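Residue numbers (my numbering), protein chains in the order written: chain P, 1 to 93; chain A, 94 to 186; chain G, 187 to 337; chain H, 338 to 488.
Calculated from the structure, these hints are not laboratory results.
No experiment lies behind these values; they were computed from the predicted model shown.
Honestly, I wouldn't trust all of these hints.
Claimed, not checked - Below 27 Å or equal to it, Euclidean Cα-Cα: the simulated DSS-like pairs (lysine-lysine) are:
1) H:Lys-398 x G:Lys-204
2) H:Lys-464 x G:Lys-189
3) G:Lys-232 x H:Lys-398
4) G:Lys-291 x H:Lys-398
5) H:Lys-398 x G:Lys-305
6) G:Lys-291 x H:Lys-382
7) H:Lys-382 x H:Lys-408
8) A:Lys-169 x G:Lys-305
9) G:Lys-291 x A:Lys-170
10) G:Lys-211 x H:Lys-464
11) G:Lys-211 x H:Lys-355
12) G:Lys-313 x H:Lys-362
13) G:Lys-211 x H:Lys-398
14) H:Lys-408 x G:Lys-232
15) H:Lys-442 x G:Lys-257
16) H:Lys-464 x G:Lys-257
17) G:Lys-257 x H:Lys-383
18) P:Lys-76 x H:Lys-456
19) G:Lys-232 x H:Lys-464
20) G:Lys-305 x G:Lys-291
21) H:Lys-398 x G:Lys-231
22) G:Lys-247 x A:Lys-169
23) H:Lys-398 x G:Lys-313
24) G:Lys-313 x G:Lys-247
25) H:Lys-442 x G:Lys-291
26) G:Lys-247 x G:Lys-211
27) G:Lys-291 x G:Lys-257
28) H:Lys-383 x G:Lys-291
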Amino acid sequence: MLRYCSVVYNNPMQLNVRFFALYRERAGRSTDTVQLPEEATVADLVREVRRRFPRLAPPGVNIVVAVNTEYASSDKKLRPGDEICLIPPVSGG
Amino acid sequence: MLRYCSVVYNNPMQLNVRFFALYRERAGRSTDTVQLPEEATVADLVREVRRRFPRLAPPGVNIVVAVNTEYASSDKKLRPGDEICLIPPVSGG
Amino acid sequence: MIKAGMIEITDLPLEPEKITAQVCKDTNGAVVTFLGTTRLYSEGKKVVRLEYEAYESMACKKLAEICQEIKAEFGVEDIAIAHRTGVVDIGQISLVVAVASPHRKEAFLACHEIVNRLKETVPIWKKEFFEDGSRWVACDDHQFNPQGHKH
Amino acid sequence: MIKAGMIEITDLPLEPEKITAQVCKDTNGAVVTFLGTTRLYSEGKKVVRLEYEAYESMACKKLAEICQEIKAEFGVEDIAIAHRTGVVDIGQISLVVAVASPHRKEAFLACHEIVNRLKETVPIWKKEFFEDGSRWVACDDHQFNPQGHKH
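Only chain P is shown next, with the shape it has when bound in the complex (with noise of 0.2 Å):
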């Protein structure tokens, strides 16, 4: 946990989040910035994410998250720069 938090604060990544629909609702914006610790995945983010924006999804519900325009699975690991978007169900046509 010490060298958690020491990551987080000495060297962490700054990702932008890009919120769509009703998740854009919810988030009651289009972008955030959110601080990880390098080697963070995506579980990491949606953790984070959630924890600053409680109500985006009931706790029971999947939170999708596309990496550089790819749905990304939840170890996939992010890096500087990445582009992230959180996708709520998609309903195009």
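Put chains A, G and H on the given structure of chain P with help from the hints.
Chains A, G and H alone, transformed into the frame defined by chain P:
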């Protein structure tokens, strides 16, 4: 046979036949008038038309007939005034 | 030229937008349109132009029957069909079938099946003109066998 | 607005003729066009208008991927897709998918499957506005359960 002949010549039906597409070209005309005995069937009509236009279709090929804008079976009885058309294989679309 | 409801057989160029517009209603969410267009090649041979001939009154009636069958089988309400006759140049439209329904699956299946049935039963004929001859499509078995052995 | 080849996402009204025209070639004999239009009723409730939102760059890429898959699976070459964003009034067109191929079967199946996949994977969202409220379509399981029992 005698009775058949007397029907043909004493009380014949005069029927107008229309030809389309391949049959029109092979008959060299769009319409023809054939005389058939009363109570003649589609099969009788086809036989008479084949006699008049031997190059319409090879002997082994079935000639489809429409009577009053409906596909007709070979045993269908014809009546004066029927609209009779010879229908080559269709290829619309 | 013959027109009955949303069925039309005409020797004028077809206008797909107008035909499709006939089936659009605000209760329909899906509109599927099929265009049959004349191809440059037929079985590897270059086609110069096509000619369509129709037994108009019967063709119109058969198309109306197909519409009734399809409406009953697929539960769709809105169908428009137009078929062109006469000379149709390469790349031009010979057939338009438009089907609209609340949901897409029925519209796709119904439109496809209309075209299938049309090609089986509607008295319309297509003649292909090549550089060195012509033929009525689908009439190959009507060729006389020069040896006279065909039955 | 984003456009890549025959894929377009735009907040301007869609023009189906122009999109369909892109896939017409004289080697194709069949053109199947799907129009998605906004319906007056959604699950029995009267809709006033709709709004579409897209993650444009990813939506465009996903549509291009679907096109590649469909071309490989169905052997078709010519596909055009346009999706509208922003406010779309009732009866207007939100989606156009046009597929052309030498023969009709592939065009029908490919066009249908493109629409199916689009609705599953492409990041575009539809919001329905009713007289008494609004909802993002497909997001029903994102409602918070007031009793807190939902998992």
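*Which numbered hints does this structure break?*
Hint check: 1, 2, 3, 5, 7, 9, 13, 16, 19, 21, 23 fail, others pass.
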